[in-house]
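J.: Each residue of the sequence shown is one higher than the last, beginning at 130 in the numbering used here.
Quick caveat, the hints were computed from the structure, so don't treat them as lab data.
Note that the Cβ used here is the ideal one computed from N, Cα and C, for glycine as well.
Do not rely on the hints blindly, as some may be mistaken.
Just the calculated beta-carbon pair ranges, DEER-fashion [said to hold, decoys possible]:
| # | residue 1 | residue 2 | range |
| --- | --- | --- | --- |
| 1 | 282 | 252 | 15 to 21 Å |
| 2 | 304 | 340 | 31 to 37 Å |
| 3 | 298 | 340 | 35 to 41 Å |
| 4 | 283 | 337 | 36 to 42 Å |
| 5 | 241 | 300 | 38 to 44 Å |
| 6 | 298 | 275 | 47 to 53 Å |
| 7 | 323 | 302 | 35 to 41 Å |
In silico lysine-lysine, DSBU-like type, Cα no more than 30 Å apart, as pairs [stated by the list, open to error]:
| # | residue 1 | residue 2 |
| --- | --- | --- |
| 8 | 286 | 186 |
| 9 | 271 | 284 |
| 10 | 338 | 286 |
| 11 | 277 | 350 |
| 12 | 286 | 271 |
| 13 | 271 | 350 |
| 14 | 192 | 277 |
| 15 | 284 | 350 |
| 16 | 338 | 271 |
| 17 | 338 | 284 |
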Amino acid sequence: MPAGRYGNPCKNPRRLQSIGATPMKPSEPLDDFSAEEQAKLAALPRANLPATILEKKIVAALKANGQLRQAPTPQPRHLLRLATASLSFLLIFTLGFLLGKRQSTVPVAPNQQAMFMLLLYESPEAVGSESDKVVEYSHWAKSLREAKRAISGEKLKDGGRLLRQAQGQLEISEVGHQNQREALGGYFLIEARDIEDALSIAERCPHLKYGGAIELRQIDKI
130 MPAGRYGNPC KNPRRLQSIG ATPMKPSEPL DDFSAEEQAK LAALPRANLP
180 ATILEKKIVA ALKANGQLRQ APTPQPRHLL RLATASLSFL LIFTLGFLLG
230 KRQSTVPVAP NQQAMFMLLL YESPEAVGSE SDKVVEYSHW AKSLREAKRA
280 ISGEKLKDGG RLLRQAQGQL EISEVGHQNQ REALGGYFLI EARDIEDALS
330 IAERCPHLKY GGAIELRQID KI
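Make a model of the complete structure from these sequences and hints.
T.: So this is what it looks like as structure tokens:
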């Protein structure tokens, strides 16, 4: 830039302040030039500096003053590490997805426990009130559930119908305490490892305490 009305911009503090820079000393080194180039530039008349050189000096002054920052150039190694990390993440994600999909298709192992039915028979000579039986049966079933054993059951109403077919004819008769020695009064369905385990559970059933009988049968998985 030729010297004009304001003279050399590098020697005019007001001109430098108008562009946001600070005045530079003539002997101030430039980072963009080698020592030999800086010596040659120092020997030139300040008013005759080429425009490109003057521009570089102003840029250098702005950098030195902290008013101009140059964005860092990505290094090849940094880019390589970034690409490697991205590829690793993609591979891990894909592998996890495939493993999860494979595991979801593996059939669950069947339950090794067997199911048993406790058929509760009542006799006319049964003792105890109905309310006491309900409370004690409930506590017994609760203790099995707390031991992580499956149990369910229902009480049956008195009376019923017995169906038979003889010579092609259907025969229906009433069932009740008056017609048989022991009537079926209810049932429990329990889970056990084997018949011996089921027997140990049935022996603690309060139904025996009140004079009833229990028939233990294993559920046949067809």
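J.: Decide, hint by hint, whether the structure agrees.
T.: Here's how the hints hold up against the structure:
no., hint, result
1, 282 <-> 252: 15 to 21 Å, "19 Å, holds"
2, 304 <-> 340: 31 to 37 Å, "20 Å, violated"
3, 298 <-> 340: 35 to 41 Å, "38 Å, holds"
4, 283 <-> 337: 36 to 42 Å, "19 Å, violated"
5, 241 <-> 300: 38 to 44 Å, "43 Å, holds"
6, 298 <-> 275: 47 to 53 Å, "51 Å, holds"
7, 323 <-> 302: 35 to 41 Å, "37 Å, holds"
8, 286 <-> 186, "107 Å, violated"
9, 271 <-> 284, "16 Å, holds"
10, 338 <-> 286, "20 Å, holds"
11, 277 <-> 350, "22 Å, holds"
12, 286 <-> 271, "23 Å, holds"
13, 271 <-> 350, "26 Å, holds"
14, 192 <-> 277, "75 Å, violated"
15, 284 <-> 350, "24 Å, holds"
16, 338 <-> 271, "18 Å, holds"
17, 338 <-> 284, "17 Å, holds"
Of the numbered hints given earlier, the model fails hints 2, 4, 8, 14; all others are met.
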